[in-house]
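Novice: For reference, the chains in residue letters:
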Amino acid sequence: MKKNVPSIIGAAVGLALFLAIALLPALLYGGYAGVLLAGGIFGTPVQPSFLVKALIIFGMVLGAVGVGSLFAVGGAAAGAAVGALTQAAAPKKPVEQENKA
Amino acid sequence: MTRKVERVGGNAGALAFSRYALGTQLLRRQLLGAEALVPELSIAYPAPSEARPLLPPTPTMRVHALLTALLLLSAPAAAAAADAPAAAAKPAANPNQACLDCHEASKPDEPGVRTVEFGRSVHAGFACTDCHAGYEAPGPHELKPLDAADAGLVKRFDDLKASPAPRAFLACSTCHADVAEQLAASVHGKWLKGEGSRVAGPSCAKCHGAVHEIVKSVHEPANAATNYSPADRNILKRCEACHGDPRFAEAAGLKRDVQETFQDSIHGRLIAVGSKRAPACADCHGVAEKDDKGVFHPNAHRILPKTDPASAVAPGNKAATCARCHAGASENFAALISHRAPWESDHKVPHLLHVVFSYLAALTLLFFGVHVLIDLVYEVRMKLRKKEAHEDPAEHEKFVTRFDIHQRVQHWLMLSGVITLGITGWPLRGAGSPEAIETSRKFLALFGGPYGAALVHRFAAVVIIVSGVYHLAYLVILASKKRLPMSMVPMPKDAFDMRDNLLHMMGLLKDRPRFGKYSYLEKFDYWAVFWGMIMMVGTGFVLWFPVFFAQYAPHWVVTSAQIIHGEEATLALLFLFVVHFYNAHLKPSIFPMSWTWLTGKISLAQMKHEHEAEYDHLKRQQSKKDDRPHP
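Residue numbers (our numbering), protein chains in the order written: chain P, 79 to 179; chain W, 2 to 632.
None of these hints come from the bench; they were simulated from the model. One or more hints might be untrue.
Lysine to any residue pairs mimicking SDA-like chemistry, simulated, CA-CA at most 25 Å apart [claimed, not checked]:
| id | chain 1 | residue 1 | chain 2 | residue 2 |
| --- | --- | --- | --- | --- |
| 1 | W | 191 | W | 202 |
| 2 | P | 131 | W | 360 |
| 3 | P | 81 | W | 597 |
| 4 | P | 81 | W | 383 |
| 5 | W | 191 | W | 222 |
| 6 | W | 256 | W | 345 |
| 7 | W | 443 | P | 163 |
| 8 | W | 191 | W | 223 |
| 9 | W | 602 | P | 86 |
| 10 | W | 602 | P | 82 |
| 11 | W | 399 | P | 163 |
| 12 | W | 384 | P | 91 |
Restraint ranges, calculated between C-beta atoms of paired labels, are given here [stated by the list, open to error]:
| id | chain 1 | residue 1 | chain 2 | residue 2 | range |
| --- | --- | --- | --- | --- | --- |
| 13 | W | 452 | P | 160 | 53 to 59 Å |
| 14 | W | 447 | P | 125 | 34 to 40 Å |
| 15 | W | 406 | P | 125 | 52 to 58 Å |
Where a beta carbon is used, it is the ideal one built from N, C-alpha and C, also for glycine.
Please build the complete structure, drawing on both the sequences and the hints.
Specialist: The following block contains the structure:
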């Protein structure tokens, strides 16, 4: 097995978990961050102008990508840890067999 | 309010007065017998004005009354089987039964008394005639005449459409004369006295709900340091029913954004995510009173206008009010809370900082967001191309040390601290958005609620402080050995590198810039953390000990700290999780994870790809070493 396969599996699990439980909160928090930034730039109360909407959508995208990245990298690190543990626990192959492979 | 006291003795009669004097439990037994204390069996009927028209009972009503009577009579019978001697002393029938025959609500929307809800209410066990004094079953009844003062009050209720049960206020004040007096003297009592009010203010039923279904308020546990017990959390909903209604606020001439500004404040957010300690409306606006055990409670019936010197929010009393929860609070500290956004402070600096940090965060994220996008497209294009022929496969297996163990430990401390700070801090900030409150509440519950999360947040803050101190000590030691690396110092070349790299990735420049040990992206990461540490740790300390800092610094310093902490956190988290994670781990040539943060090593192939100038330097050093004659 290649060294990075466990971390790829971990990243995939992390992303699946993100889609299942964290996508909506990430969009909400990101959108709210956009609202706060829009309040500072365009003044409060925030009016639904094109630029404000664009900033809120930008915030939502960043929120989703940011939290998704956290899940992916966290999953990859967890996968790598599991891979390292299983590799350490597995019995070592004879040297000759390894060379043939 | 002597009128009410007289009424207790006059209108309601000696019966009510004696009950008030003897205590309700004793009276319940006297009037109703022991079985009346079983809540489900204790029935009352609504005030005459809110009851359905008093028509002769219909056949359906008779059948229903019969069934209900059978049910009620069967319960004491069952109890009698278990406790025969006690049952012998009980009256045979429930004294409310005669009233219930006509006034019980059989369906949820039907006018009348919902027996189950009444049984759960604080008045369960009372006889109907305890409140509806002077009426006798069976009906039909005529409304009892009122004296001039009471009639005037009821007319005001009717005129202002104050309550579906105008006489309920009179009935409540029979027993709760002291509370009625306090309410009449409060800012909420002006309308009761007809002092030019355009709208109806609060009455008993308006705040406490349906008169037959009033539940007991539960005070939250007292603060150990100040011996103050915050108000029932439900009071917030009661106040917001009027103060959060824009039409009502406009008609009454109230500030229209008090609900909004409170919900967005730290207190509002804490309550929204389930805090039992954060103050609700009455905790700041109500006069505090000591109970028999010496614990202070807010009195929501004694909310006075802030122009009244006795008001909890009068200029001279604000500090003492804040000190109910924040021991040692000063006037300067009290000036922080004022039902307005922090950047709308009366000082210019918070507003200026809000604007500057909003631009800084938005433009930084916009620039690096676009950078990530361009890099992603470039990387995908490169991935689709065939591998360059001159690439040496052996260089994928040869590694050189990029970060020593000290640097890695500093990074591990920093990353664990920052991620923990982000996941314990942002949910509270995000709770300012009504849509995100439920998510924040559930997420913070994982840490044992907002105070558990706050504790973890402070621990994580200590972790990143340790990381920062470790790093500075590391730099000092390196400097003392004259080994301080200068490769992280920003140079003019970095600006040109950034321009050329973007042009190259967009296909507008043939050659990619040759980066040294640290590219402009890595230098930005490093110095942004320096900046972020100063901003976040500095402002975090102010927010950790706000009472202390407010004693020595003007109030706008604490407000500014609040603004910077929130805005910088937004920028730092989005930058780290989007830009840094992409550059370090998620770009297609590295995905799913770089091992450098764990092993501290980088392959020669990766070094050649990302740090070509460093790679060439290494090769030159190696060839010099090889050229040297062996001894």
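Novice: Each of the hints needs a verdict: does it hold here or not?
Specialist: Here's how the hints hold up against the structure:
Taking the CA atoms of residue 191 (chain W) and residue 202 (chain W), the gap is about 8 Å. The hint holds against a cut of 25 Å. For the suggested pair residue 131 (chain P) and residue 360 (chain W), the alpha carbons sit about 16 Å apart, so the restraint of at most 25 Å is met. The hinted pair formed by residue 81 (chain P) and residue 597 (chain W) meets the criterion: a straight-line CA distance of about 14 Å does not exceed 25 Å. Between the alpha carbons of residue 81 (chain P) and residue 383 (chain W) the distance comes to roughly 23 Å, so the proposed pair stays at or under 25 Å and holds.
Pair hint residue 191 (chain W) plus residue 222 (chain W) does not hold up; C-alpha atoms about 32 Å apart against a cutoff of 25 Å. Between residue 256 (chain W) and residue 345 (chain W) the alpha-carbon distance is near 15 Å, which keeps this suggested pair within the 25 Å criterion. Pair hint residue 443 (chain W) plus residue 163 (chain P) does not hold up; C-alpha atoms about 33 Å apart against a cutoff of 25 Å. Only pairs whose Cα atoms come within 25 Å are accepted, and residue 191 (chain W) paired with residue 223 (chain W) is rejected, the gap being roughly 32 Å.
Between residue 602 (chain W) and residue 86 (chain P) the CA atoms are separated by roughly 20 Å; this keeps the pair inside 25 Å, and the hint holds. Proximity of residue 602 (chain W) to residue 82 (chain P) is assessed by CA-CA distance (about 15 Å); at most 25 Å being required, the pair is judged to hold. Taking the CA atoms of residue 399 (chain W) and residue 163 (chain P), the gap is near 24 Å; set against the 25 Å cutoff, the hint holds. For the proposed pair residue 384 (chain W) and residue 91 (chain P), the alpha carbon gap of about 24 Å is at most 25 Å, so the pair holds.
For residue 452 (chain W) paired with residue 160 (chain P), a C-beta distance near 34 Å fails the hint of 53 to 59 Å. Checked against the hint of 34 to 40 Å, the C-beta distance between residue 447 (chain W) and residue 125 (chain P) comes to roughly 36 Å, which is consistent with it. Under the hint 52 to 58 Å, the C-beta atoms of residue 406 (chain W) and residue 125 (chain P), about 53 Å apart, fit the expected range.
The structure fails hints 5, 7, 8, 13 (numbered hints given earlier, in ascending order).
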